[in-house]
Every structure is written in C-alpha cells, then in structure tokens.
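As you go down the protein sequences, you meet chains A and B in turn. Letter 303 of the first sequence, counting from 1, is numbered 303 in our numbering, and no numbers are missing. Letter 301 of the second sequence, counting from 1, is numbered 301 in our numbering, and no numbers are missing.
Check the hints yourself; a few may be wrong.
Straight-line distance between alpha carbons at most 30 Å, and here's what the computed BS3-like set of lysine-lysine pairs gives [what the hints assert, rightly or not]:
| no. | chain 1 | residue 1 | chain 2 | residue 2 |
| --- | --- | --- | --- | --- |
| 1 | A | 243 | A | 364 |
| 2 | A | 364 | A | 319 |
| 3 | B | 52 | B | 111 |
| 4 | B | 265 | A | 45 |
| 5 | B | 265 | A | 460 |
| 6 | B | 52 | A | 145 |
| 7 | B | 214 | B | 231 |
| 8 | A | 155 | B | 265 |
| 9 | A | 155 | A | 145 |
| 10 | B | 111 | A | 155 |
| 11 | A | 45 | A | 243 |
| 12 | A | 294 | A | 319 |
| 13 | A | 311 | A | 399 |
| 14 | A | 269 | A | 399 |
| 15 | A | 243 | A | 294 |
Some residues of chain A that are not near chain B, with every Cβ distance over 10 Å (derived) [said to hold, decoys possible]:
| no. | residue |
| --- | --- |
| 16 | 132 |
| 17 | 491 |
| 18 | 495 |
Just so you know, these hints were derived from the structure itself, not from any lab. Positions of the beta carbon are idealized from the N, C-alpha and C atoms, including for glycine.
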Amino acid sequence: MSRVIVDPVTRIEGHLRIEAEVDGGTVRDAWSSSTMFRGIEIILKGRDPRDAWAFTQRICGVCTTVHAIASIRAVENAIGASPPPNARLLRNLIIGAQAVQDHVIHFYHLHALDWVDIVSALSADPRKTSALAESISDWPLSSPKYFAGVRDRVKGFVDRGQLGPFANAYWGHPAYRLPPEANLMAVAHYLEALDWQREFIKLHAVLGGKNPHLQSFLVGGMATPVDPNSQAALNAGTVAELKQLVAKARDFVARVYIPDLLAVASFYKDWAGHGRGVGNYLAYGEYPEDDNAKAALFLPGGVIRGRDLSKLEPFDQQKVTENVAHSWYQYQQGDQTSLHPFQGETTPSYSGPTPPYEQLDTDKKYSWLKSPRYDGQPMEVGPLARMLVAYVSGHARAKELVGAVLKQLNVGPDALFSTLGRVAARGIETLVLAEKMDAWVDGLAANMAAGELRIHDNSKWDPSSWPADASGAGFHEAPRGALGHWVQIHNGTISNYQCVVPSTWNAGPRDAAGRRGPYEEALLGTPVADPQRPIEILRTVHSFDPCMACGVHVVDIGRRELAQVRVV
Amino acid sequence: MSRKRGWLAAELERRGVSRREFMGFCGAMAAALSLPEGVAAQIAAAVQKTEKPVLLWLEFQDCAGNTESFLRASRPTAAEVILDLLSVDYHETIMAAAGHQAEENRDGVVKQRAGRYIAIVEGSIPTGANGAYCTIGGRSALDIARTVCGNAAATVAMGTCATFGGLPAASPNPTGALSVADAVPGVKNLINLSACPANVENLTALLVYYLTFKRWPPLDHYRRPLFAYGKSIHDNCERRAHYDAGQYVEAWGDAGHRAGHCLYKMGCKGPATFQNCPNVKWNGGTNWPIGCGHPCIGCSEPDFWDRMTPFYQHLTGVPGFGIASDIDKIGAVAVMGVGAAFAGHGLIQLMKRAGDKAEPLKPKAPTKGESS
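Chain A with its partners taken away, still in its complex shape (with noise of 0.2 Å):
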C-alpha cells in the first residue's frame, strides 16, 4: 500500500490535492484536499446587496458569469424584482456562451491532454492523419497539408528545447492509448479550439463589456440597452453579430468537439468502467423560457438516486445540508451535526500541519471545502447530472444525443455512470446548448420588433422600495452544476450571505458519517500503473472539470431564519 499525492492537481482552476491509497496498482481509497480559502461572504457582509454579484463574481475567473447570476437572481428573489423580458434573453445568452465555451476550452486544453499524447502526435503521417479526419467530419481544415503543417511547428517547439507548460508530463505512459494520427488531430484542434474560444467568447464582450468578468449585470435587469434605432445599443447589427458568433460557434462543436469525442471515446472504451461515483445526481435546472416566478426551464431540475433512471425526485432545497467533519471549520453545536444553508455557520478553524508538510491527516479534517449532502447522502452535479436528469424528463434533444452517443459507442445506459460518462455528457450538453441559443437571439429581435426595449425593472431599484428585512435564494446551473445562492438582507445591507457550490458537491471531503465526496468515490478501484505518474487519477478527476476557487467560498457567520424562499 502506498500513498500517491497528487499536489498541485493542474489543469484546473484554483487549488486541489489528491491523496491515494493505491495497492495492486488500483486505488483503494482516496481523500480529495482544498489548500485554498479567501472568505468571500464574511467580507460581503453589511454591503449594499446590488453590489453583491460583483464581488462574487470574482469568486472564480473562469466560470466568471455563474456567481454574478446566482446572486442577482437571489436578491432579485429577495427583494421581489421582475426582470423584463429583454433582461431573460440576455442572461440566457450570457449563460450559454459561458456553457459552451467553458466545455469547449475544458475538452481541449484542461482534459485532452490526459487522453492525448503530443510526443506521439510527432511521428504521425499527415496523409493517414487527413484520412482520419475526413472520416470522422466534414470540417474542412483536413488536408494533409494542414496537419504536415501542424506536425512540423509542434516539432519545431520541440526542436527549440524549451517545452514550456508541456514539460516533464506523462508523455509515454502506457495508458496513452491513441494511435500517432489520432493524437496530431486532437494537437491540431487543441490549437485551433485556443483561437475558437477567444473568438465566441466576444459574445460575451458585446453583452458584457468584456470578458472576464463581464460588467452589465444588475440586480433587476441588464445595464445593455436595447434599442434598434440607437448606435450606443443593442441594434439590428448586433443581432446579426451575435447570429454570427452563436452559428460559428454551432458549427465547431458540431464538426470538430463531438467528433473528436466520439474519436477519442473509441480508443478509451474501458473508462466506461472507471470512476462510477455515488450514483446520486442532483440538478436544478436552468434557462427560463418565460417570465413567471415559476417559469419554465429549458433543461430541467430534480434528483436522481442509486444509478435509477426510472425515477426523477422534485428538488427540495430544504433537504440541502452542510457538514463539516472533515473540514477546517467548527460548529457551535458540534462538527457532527449538520446543518440547512439558512442556519449555516462558519468558522475557519485551521487544524492540519503548519505548512509546510509532506501529508495530510485524512483521519481529521483535511480540506477548506465543506461536505453539502442532499438528504443526508452526497451528490454529484455537472452536465452529467444535468443530461441524467434530461434524459429521465423526456427532453427530447437531450434523449436523442445521449441515445446516438451510445450506440455509437456501442455502450449500454451504464456506460453513463462513469468517467468516459461524464465527458460524453459535457460533450451532448454543449451541442444541446449551441443548438439552441439562436433561439434566444431571436427572441431578442423580435423584442425589438415590437418595441419592447426594457431591460430593467426600475421599480425596485431604490432601496427604499425593499422592506426592512428580506430574504431570498437564487439557484443556477453553472457549467460544473448546481449553484446556490442565499442572501438576507437588513435595512438595505447584507446582513447574512451563502454559496453553495458545484464544486463544493462534487470535491467535498468525507461527511460525519464518513460518506465519501463524488470525486473520493469515484477514484475508487481507478487503476494506477505507475504510482509516480498517476495519470489514471487526473483523468477521473478532470471529468468533473474541478473548480476550487469556487468551491472554497463558504463562509458565513451567524445563523438567522429565512422568511421566504423560493426555488427559482
């Protein structure tokens, strides 16, 4: 039995450690570590709450629009605001393109690199690398000129002998499985995917400003105004550039991501079998489709148990807790018990080694993140909980591409459980949302055809308007998952402030009860050639596009009731 740490865990965004116990080269338990803690919502206290969604957003950089939403979604709640109509479309929009181009850029360049062997790519025939390609997709840079052309300026990377962010990795490693033309396509894409992600995401520098950190949301509405006859908003130009970028963006993900995912896929059959997880699956559903408290979401929420895609539970988020046995926090009443998100309480109580150290102790506490759990039992969030969850509600796009995925693959439904699921399912919910956010761009020239310009309920902008305590909770699918928001407010400040957070499901150490978080459930049995390059450990983890800044928010002090919540 020996320990394998995997500390920093690269490619991802923020601060993870891994600790295996790894025996007869499979994983036999696992402890999943944030080192990072900044306490956000202990600094968001006693400020104005249209602010809010300003410093949360800066809780992570490359999720930058889902901390924002939630959070104006929340006070909106609170304090009873409508957006208009104009102001749904907008967000729509904004939260699709985060969507899309966060999957895209997690394939290619967070992820690919576990399943991708650039050193192999160098020896590839440009000529059979073209014949790949072109029997996978119709995408037109396919000529082996393209791909002679790739080799040659990664080989004269490699010839300048200086590596740079691709050195000392596990090129080699016998669990690189593709074939040397295989691996120069996906080098190829990885390549044209960097140039492709800065391109689409100007959409969100139209709608934005800029991006990251995109500055035109408002609590009420959007700050972009929409008039067709005024050059200083959103007019008829920017329709057919945001029709541009939004079919651009259509056409990669449908001749290049999914192709290369179902190219990639083949080769990994087996990890399939990989990284199952808790099998618990929680979503909330996202993408009003009207204007009602209660309106209708293009993808749906609910929660799946035990694998069972035969039932779909209704979210209830009075069943949400948070645990902090094995977190570096105390709680009044005790580490044991656990606790609803409205009485949560927060104390950073650092109990591991002085840094710095070799080893956790995972018999303790050993992590910043908090263990939230659904009914007592922990859940995975992500688009593959989402896809699950569309799936058992009938969606029918979502039912197609899944069911095409299979058989392509040649793999039954519990083929989905698992790390090659979860990938799969990133993939099917990008082209899900790609295909459908024309639609939204539709809707807001048809707005404009009829002269509806609002983008902002002005009612309830003036604090005097709001009573003088309010409570709310906004809720929000992020591209990792489930993301929840609770704010209080007293007196036209923050009184009381609350996230939790995908990656705070999904990375979440150990509970009271010793239940394992996903990402420690599913390492288990994750095969492990060599304990000195555990790339098999990466690739499970990285399935769930890890995201620790957001993760680590989770401060909150003070425990107060909340008059009023509503599932947004």
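With the hints as your guide, set chain B onto chain A.
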C-alpha cells in the same frame, strides 16, 4: 537549448503569418506604447533575436481571471505567436505536468536560471493561519512567492489581487491577504498591472517593451506602466462629451441610457480610475464596460472594493461638474464621497498619487476588524 537566430520568422511562415502582418503587429505595439514610428522595426528585430524568456506564472488567492484574460490575447493575428515568445514553464491552469513533476519544473527554473526569468503572480498572498489559507504542494503561498519572486529578474503582479490585495484583502480581510509588494518587500523590478482582471493587451505591451528596450517602462506611484495607467477613464471616455454637455443616464433603459449618455449619475467611477480601457478596450477591441452601458467600478484602483463601493452611488463633490475639468482634481475629490467609512483611506491613497516622484510602495498591514 538552441538560440536560433530568426526562428520566429520561420515560425511565422509556418503559421501562415506574413511578414507584413508581423510588422503590423509591431507597429500596433509601438502605437500602444506611444513610441515613434520607426520603432516598429526595432521591435521586430529585438523580438526575433531573443531566446524565449522563461516565465513562471504563480496562482495564489486567485480566481484565475487573469489567466483567462491571458488566454484571450487576440490582436493582431500574430499575438499568439508573440505569446510563444515566452516559455511558460509553470502555470497550473494550462501545464500538462501535475504534482511533483509540476513542482520540479518550477523549482528547476528557480535553481538553474536564478535572476534570469520573469515571475507573474496572480492572486493575493495570505499571511493568516501560518500560511495555511493557501498552500501548493504543501508549501505556503508566501514561502513560494519569496523563493520564486525573490530570484526572478522581474515580477509582474497581474490583476488587482496581486497588485493591491484585491478582493481577499477587502474589509475585514479575513485571511490577512497582501499584495506581492507587501508580502515580499524588496522584490526586484516589480511591475503592477492592476484591474480585475488585468487587460492582456497591457501584459503583451509590457513584455514587448522589455524585450525591445531591455528595460522596464516608466511607472506611476503604484508601479504601474504609464502607457496603460497614465490617464483616467473619464479623460478618454467616449461618453465624455455627454458629461461635458450635462447629458446623463437617469434610469436603466431610459432614453439617455439607450442614446449612450454619461453614466456619472449611475455611479460611474471613471473620473477616479486610471486605466486605458477606453483606448484598448477588451476582447480584441470588441467592447468595454461603459460601452455596454454599465458604469466603471474602478477595478484598477487600490482598495476599490472598499473605496469605490457602493458601486451605484455617484461620486460627489466633483469640481466643475458638467464642464471640462482638470482630471486630477476630479479624482482627488470624487472618491471622498464614496463610502464614508473608507473616504479617509481613499484620500491618503490619492494624496500619494498626487505627488510626482516615484517611490516604493510601503507595506500595508492587513486591515482587521473594520466593518463595511
């Protein structure tokens, strides 16, 4: 390690970037840096001669927003090539290696190239809990920063967290977060690129400046390059004429808002904020916050989370409100009215700016127990 002369020319050719496009880039860089025309050729020559400088990118109490900004480098076509000029030997978000292999890459550079690499720091550095609020490979952020920045030829603090402490250092600074300047005093050639996040165009311009002239650009009092932070947002704002004419947005979505009037009354901090957003804009010149109808929040200024909030409360006491006015006066007075609790501190910061002499940043103790 090869030092091929002219490898970049070959590289450009391989990528289908013409000589003309490359010279266009150098010209754009020269313009961004306000340099005379003939300098483009000098930039081109310098860039092609140089071995790729080694860069270590450290992430501490960060959100990776500056990393994402870095990935958006977009203009002109050759910008990606120019980023290839750097050998990014350590960057947790993009590097292939993980765990101890990743640390080896970082530590190897510090050991073998001491004094000959550039460090970039993203995020603040916590001093509380003996450093346990941020550890990487079991080592505290402070420990790593001392070693890596202490041995670097230069350190670039990218973003407001690394430059001024930023969000983690906002009142009441629960983790004792500090800027690089305060956490590692005396670090050699520290350049601050503030903003949340910093604009990648300014990072590119800074590095090209260094490669071309073998020295770092003139800095303001906060050690920020004058070419990017020398003028206020308000001075260069496309809506300035509306300010001068007294045309203001009064409510979100009103006729003035749709017509692009001045956002002063909605809380714009442009008069008190120094950065080149109106000129270089964001995402390849696509847009910027005021361009999309939202006020500037002052994100490039020290302690902006405390001094510039509430964000939607308008600046007060602006002399010459409604007419063209001296920007330093506007800056000095304006912020005093924002957030009374922080006005005193803000004034001190602005008084520092008012002088002309460059002086090293003084270490700032984390604020504790303040309430907002």
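Here is what the structure says about each hint:
1. A:243 / A:364: violated, 53 Å
2. A:364 / A:319: holds, 26 Å
3. B:52 / B:111: Holds. Residue 52 of chain B to residue 111 of chain B sits at ~18 Å (cutoff 30 Å).
4. B:265 / A:45: This hinted pair holds, its Cα atoms lying about 25 Å apart.
5. B:265 / A:460: holds, 17 Å
6. B:52 / A:145: holds, 27 Å
7. B:214 / B:231: holds, 25 Å
8. A:155 / B:265: violated, 56 Å
9. A:155 / A:145: holds, 15 Å
10. B:111 / A:155: Distance ~27 Å between residue 111 of chain B and residue 155 of chain A Cα, so the pair holds.
11. A:45 / A:243: Not satisfied, since the Cα-Cα distance of roughly 41 Å exceeds 30 Å.
12. A:294 / A:319: holds, 20 Å
13. A:311 / A:399: Holds: residue 311 of chain A and residue 399 of chain A sit about 15 Å apart, inside 30 Å.
14. A:269 / A:399: holds, 21 Å
15. A:243 / A:294: holds, 29 Å
16. 132: Its Cβ never comes within 10 Å of chain B, the nearest being 22 Å, so this holds.
17. 491: Residue 491 of chain A is indeed farther than 10 Å from all Cβ atoms of chain B, at 14 Å.
18. 495: Label holds. Min Cβ-Cβ 12 Å, cutoff 10 Å.
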